[in-house]
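Colleague: Chain by chain, the residues run as shown.
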Amino acid sequence: MVQTGRTAATREALGPTLVRLAREGLDIVVVDADLGVSTTAAQFGREFPERFFTMGVAEQNAVGVAAGLAATGKVAFVSSFAVFIPGHCYDQVRMAVAQPNLNVKIAASHGGIVTGEDGASAQSLEDLALMLALPTFRVIVPADVVECAQAIEEAARRYGPFYIRMVRPKVPVIYDESYRFQLGKAHRLREGEDVTIMAIGVMVPAALEAAEILAREGIGCRVLNMASLRPLDEEAIVAAARETGGIVTAEDHSVHGGLGSLVTRVTARECPVPVACVGMETFGTSGRWDELLQHFELTPQRLAAEARRLVERKRGEG
Amino acid sequence: MRRHIIRMTAAAGSGHPGGSLSCVEILVALYFHALRHDPANPYWPQRDRFVLSKGHATPAYYAVLAEAGYFPPEELLTFRRLGSRLQGHTVMGCPPGVEMSAGALGMGLSFAVGLALGARLDGAAWRVYCLLSDGDCNEGQTWEAAMAAAHHRLDGLTAIVDYNRIQNDGFSDYAHYRGNDSRGRTGGWVGPDGYTVNIMSLEPFADKWLAFGWHVLECDGHDLRQVTAALDEAKGVRGRPTVIICHTVKGKGVSFMEHNPAFHGKAPTAEQAEQALRELEG
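Chains A and B are the protein sequences, given in the same order. For the first sequence, the positions run 1 to 318 when my numbering is used. For the second sequence, the positions run 319 to 600 when my numbering is used.
No lab work stands behind these hints, which were simulated from the structure alone. No residue lacks a Cβ here, since even glycine has one placed at the ideal position from N, Cα and C. Errors might be hidden in some of the hints.
Quick list of the computed label-pair ranges, beta carbon to beta carbon [what the hints assert, rightly or not]: (1) A/Gly25 with B/His469: 50 to 58 angstroms; (2) B/Pro391 with A/Arg157: 39 to 47 angstroms; (3) A/Asp91 with B/Leu400: 21 to 29 angstroms; (4) A/Ala129 with B/Gly512: 32 to 40 angstroms; (5) A/Arg157 with B/Ala358: 32 to 40 angstroms; (6) A/Arg269 with B/Asp440: 42 to 50 angstroms; (7) A/Ser121 with B/Pro391: 46 to 54 angstroms.
Take the sequences, apply the hints, and build the full model.
Modeller: Right, here's the structure in full:
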């Protein structure tokens, strides 16, 4: 299950999964805004040209067109970069998809600072906050390409709006094919009773590495992959709070409105424990994606340090 | 229809009478002539689709839907009230027959393009109609959609513009502005009565649609015969979408509302409503 040693970009799952699902008979259409080659959605266009609609660099229109296609009974995928959908067309996502609850799936690549060299304008750090504010959207942040393929299939087979956030670079593949993504369920990757790290996306492998560091110090760190942000596994959060007494959240996204906000809302209500939210607090900048993670301290070492602090605090109070 | 509009907005104490009165004939021509639809079966798959992009024209839209048989006309007076199906701006499926949510301008034509692509993919014969306002045509998204509709050769799509040339803040251009103090000005400016003048001219309007690859028709939007004839002609056009630019009068039918920006987004008072109803009876 864990740490296969292979790397892949989560966006690589999009095109092949859509092709497979369409071959299996799902009534999928893809609306493209001139980034289908990057998001890999164009692979679907090669296989099913009559179901692949190019709209040019016009995301507002692309989202509206996807909504219209969905209203005729299609499973409408619209694909771009997260800074463009939802970033460039939030009102269209809100009014043309979310409010009427149409069967549109937004597959957004280039989430987070790991987008890398293109710099701050291309690095979406706000998309999860935007999407989570829309009550009808299911929001998924797959940790690797295996989980991403399954999340896409889940989105395609269930009615209603979905947002799937993918990344540009080749990141560690942590799951093998025996893994089963479950909507609304956190996946416990590592047991531990002293502290919990909850992570999404590229921060999941970082959390696993942090747990290794902590284990060497005699600290048992639970690691949860929180890929399903909505529906959210509140039970897993409450259990982590009760059983481990401290939580570190980790996301390549603004600390405002993402995983950390979701988790603290649940703990504040059900079981108040210290929660350290690790994420972005500024805009990004250009650089190699792995350098950027170091630069902005989205690292295993940082997560371990935050977890250690929570454990020390708990022991001090005990 | 016009009396419904006055009664609804007056009862609600808010709403958009001006741009509702301007599109009455257009909606009547659609629902009582052009559209293949079945009010008893609002989700009939083979129905023609009508998308109201100017989502604030709900008084006219709901009045026509009610009179066409989608819901009882008595419900019209619940407009904008808590618990009513008739929200201030449209919500998809509320009541059944309302094809899409709207309210933020510029979104309807994209949705209509998606519908038309879906119909073509399914080999279906139903057509798509979309009603736009001046404000809709200020929005860049409308022109993205216009480009896409022509690019994809959607001859099953007809756009209709309620071209009354008055919008939220005042006069879209100089067509209906009575003053003569425009000399030397560029762009928009706030006139002596507080309304903005020359907000964003769409002229040359027909040329814009032509340049985007559309078949363009123009008519008097208050002449039912002209509007229905244009809708009929659009059905026969092949290889490109059609736009019908309907020249209309904001507030049409009520003397003190005609060409008056004050009644874009403001309901008549009880006295004004009474006078309006008297004029409309006569």
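Colleague: Determine for every hint whether it applies to the structure shown.
Modeller: Going through the hints against the structure:
Range check, A/Gly25 to B/His469: about 29 angstroms between beta-carbon atoms, so the 50 to 58 angstroms window is missed. Take B/Pro391 and A/Arg157: their Cβ atoms lie about 42 angstroms apart, and the range 39 to 47 angstroms holds. Under the hint 21 to 29 angstroms, the C-beta atoms of A/Asp91 and B/Leu400, about 25 angstroms apart, fit the expected range. At roughly 39 angstroms, the beta-carbon separation of A/Ala129 and B/Gly512 lies within the given 32 to 40 angstroms, and the hint holds.
A hinted range of 32 to 40 angstroms holds for the C-beta pair A/Arg157 and B/Ala358, which are about 33 angstroms apart. Take A/Arg269 and B/Asp440: their Cβ atoms lie about 47 angstroms apart, and the range 42 to 50 angstroms holds. For A/Ser121 and B/Pro391, the hinted distance range of 46 to 54 angstroms is satisfied, since their beta carbons lie about 53 angstroms from each other.
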